[in-house]
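Taken in order, these protein sequences are the chains called A and B.
For the first sequence, my numbering gives the first residue as 1, with consecutive numbering after it.
For the second sequence, my numbering gives the first residue as 770, with consecutive numbering after it.
The set of hints was computed from the structure by calculation and includes no laboratory data.
Mixed in with the good hints, there may be bad ones.
Claimed, not checked - For the chain A half of the interface with chain B, some residues (derived, Cβ under 8 Å), not all of them:
#1 P28
#2 G642
#3 T743
Note that CB positions come from ideal geometry on N, CA and C, so glycine has one too.
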Amino acid sequence: MTIQTPASRPTTPRLGRAVPLPLRREGPAKLTGRALYTDDLVFPGAWYGATIRSAVPRARLLAIELDPGFDWSRVAVVTADDIPGRNVVASIAEDQPILVPVGGEIRHQAEPVALLAAADRDTLREARRRVGLRTEPLPPVFDPLESTTVFAHHELVKGDVEAALAADGLAIVEATYRVGHQEQLYIENNAMVAVPREDGGMTVHGSLQCPFYVHRALRTGLGLDDAHTQVVQAETGGGFGGKEEYPSMIALHAALLARRTGRPVRMIYDRHEDLAATTKRHPAVIRHRTGVRRDGTIVAQDIELVLDGGAYTTLTPVVLSRATIHAGGPYDVPNVRIRSRAVATNTPPNGAFRGFGAPQAEFAAEMQVGRCAEAVGMSPLEIRRRNAYRATGITPTGQVLHGDAAALEVLERAAEASEFERVRMRTAAERAGRNPRARTARGIGLALGWHGAGFTGSGEAKMGSVASLELTGDGRIRILTASTEMGQGTKTIFPQLVAAELGVDHDDVEMGPQDTSLVPDSGPTVASRTAMVVGGLLVHAARRLKAEVEGRTGRPFELSWRDDARAHGPTRIDERFSPYAGRAFDDATYSGDAYPTFGWAAAVAEVEVDLDTAEVTVVSVVAVDDVGQAIHPVLCEGQVEGGTLQAVGYATIEEIRLHNGRYLNDRLQTYLIPTSLDAPRIETILVEAPFEDAPHHAKGVGELPMDVGAPAVVAAIHDATGTWIDELPASPERIVAALAGTTAPGPPGVSTVSAAASASSSSSMAPAP
Amino acid sequence: MTYRLVVNGEPAEVGVPGMRRLLDVLREDLGLTGTKEGCGEGECGACTVLVDGEVVVSCLVPVCQVDGSTVRTVEGLAVAGGALAPLQQAFLEAGGAQCGICTPGMLMAAEAFLAAGGEPTDASIREAIAGNLCRCTGYTKIVDAIRLAAERRAGAGAA
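I would like the entire structure built from these sequences, with the hints used as guidance.
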């Protein structure tokens, strides 16, 4: 790993560099098995909960039928009629029910309809088999291009695309790209335990990213007030966006059963249920028409982007925003038109997954730039050099980029570390001289990307997050935030930031628990905002605390805080977010500073393609990511490496296949992710182009590497084989079809349909667990 | 039926159906929740433990098959006094654990690899943990951690 800060920039405070890096705060607990994940929590007398789901993609629910031959006295049953509050999973829109009511519409194959709980798993398993759903089928929609239900849409215009494309001397490059679903595949499945309280309130312990999202959903669905609703994050075994929004649903289900039984209820998904029912990355169809001059200057981009939102709104409008704004890629093009929409289909709702719309959009953008380079006979590196954003560049929303626009820097670093041009000459020579009986082909591919740091648009300003820092009466320094640890390092870097400001040791700073009854709402742990936004609030809070204590004691904080606590009692600083100076976004015109700043990334992948089987081995990836400032370089590299491998999986093997709107490969035997043997050697280079408006200069890192890995791999497949693959994943089937010039298997993400799907009235039993 | 095991050096006796998964016996009957369930079908390796020194996925092993065996779980790795074992320390330093849910199984697979005493090359380490899925790290730092532990072990042996 190398960290580069260009000499032309002012150096930033070397956070944590003066002292050895702290070790992961909760590491010892995780390494000894002491860390308690949700399923590890013991609640005496708890029952087990289960969800009865629809088995049809779209239907009217006529009846929920309980087998009279079964002893139901041993089982708690909850339907929509038992919901004390409003029957909605509170999110951006209120269209998704907690449970479909009788008479209501089932909109996807895994939709919750009823809940069961029993004292033991055997009884529960038997009860599940004794519930039937009577439904009247309605015609489903599976192809997003045929859907007329639009969740959100945008049109971004800069310059005059049509006029620019009509100019003489341009190569016009057109292509359509399609990407499928991707599953987050955190290794810990979703899990919640609800514990009813004597005061009528409800406490939920669970695996989750956003305690206050779950909190709000519980208040809405259970009709409870703040004081009677408590959400506590257990140790969480990965999230990647997959535990941003669906945990609200599971918490509501567990809580409804706990309310019914008066007992704690454990709602622990197994892998099959987690895969079948919870949100995935949105499939997308993206059409590009690009005008490029013979000298490699891109003069116009006309882009149409369609996201498949699945059956309900969930977070889709925000995902669409990010996809739209990132759709042109990190290139300063004078004439741009981006038309986008997100639509409904009768498939399980799609949601957040690392990158949040940008990986789909940037895959298409990068493939398109590669095609443009080919069209004008230019190196993929050179065309990016010519067109990449520089400081003062203007994005399609009219945002003027600042001095931390590090596109060229990450590009050059990646090209240099990978010896891109030298290897490309070699692979081109190999391709030209390839023996027809050659069994393998090597290729190298490059991708450049950008990622808006933090929430899109006015999201952060509206949320007004609060982070708190407390000097307790007994002299402890405690951080109070709702920001969750899912492995990314929150519990290590927050104390680091505070300790550096206060001049105390890392171990002197404690992390309060992620419990909504104890911490302020510092916003959700999403959008790579934790280090940048909440970390920034903590730095400000630490400065205020230090000034206050030093004002009272007249001595440096590090020498006087314990005395101050004894003499003065506790001090608490609540730091509320205020927008970064001079950055504003207008929602009405969808223009202005879409993000406080951008992080920049480049990846170079080398692959070997088996010319018989079309299997792709990703041999190596050089990942260069601009993170503003790396607070903890080891943890930061871990983010880049993990995100890069998820992108490699997205590029090569990860695909959900659907039939009649149901995921077919909904087990870990059939949905594959990379193993240690599939994983390339990943070389990480961190670049630090400081975000000047954050007190610690950090931009965030979580999502950035996800944007560039897949296009780099697919560009490398092109380099090896000479063929463009326009769909993700670039599976062997698709590569074989492209090489043979035959039709590829159906587009990724779109369900096949059997005649039975349009059959008339039916009565179906719920699927066995 | 009553089954007798030696778990992390302590004798244990459980009266459970013979087809009960070793994973459930460990987690629910013996309270050793360090061993995790990720898929329940032997694909992810989160439930990896050592049975008589062999790497097994405890979600696929009925307890009747291991009657009289010696079982080692993540709880049995730490050295006397609760200090981290060198392997655990190497994971901590190298950044080999992120969310931590694959970590117990990963550690047990790594422990078996170290015990076998093979050459700690990149390829041999990757082979040894190929049955253990990790979604956080990209495996790079896990491989680094195991190599570090192997080198320290070799260094200690030489000294």
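Hints versus structure:
1. P28: With Cβ-Cβ at 6 Å, under 8 Å, it holds.
2. G642: Hint holds; A/G642 Cβ to chain B Cβ min 5 Å, cut 8 Å.
3. T743: Given a least distance of 32 Å, the restraint on A/T743 is violated.
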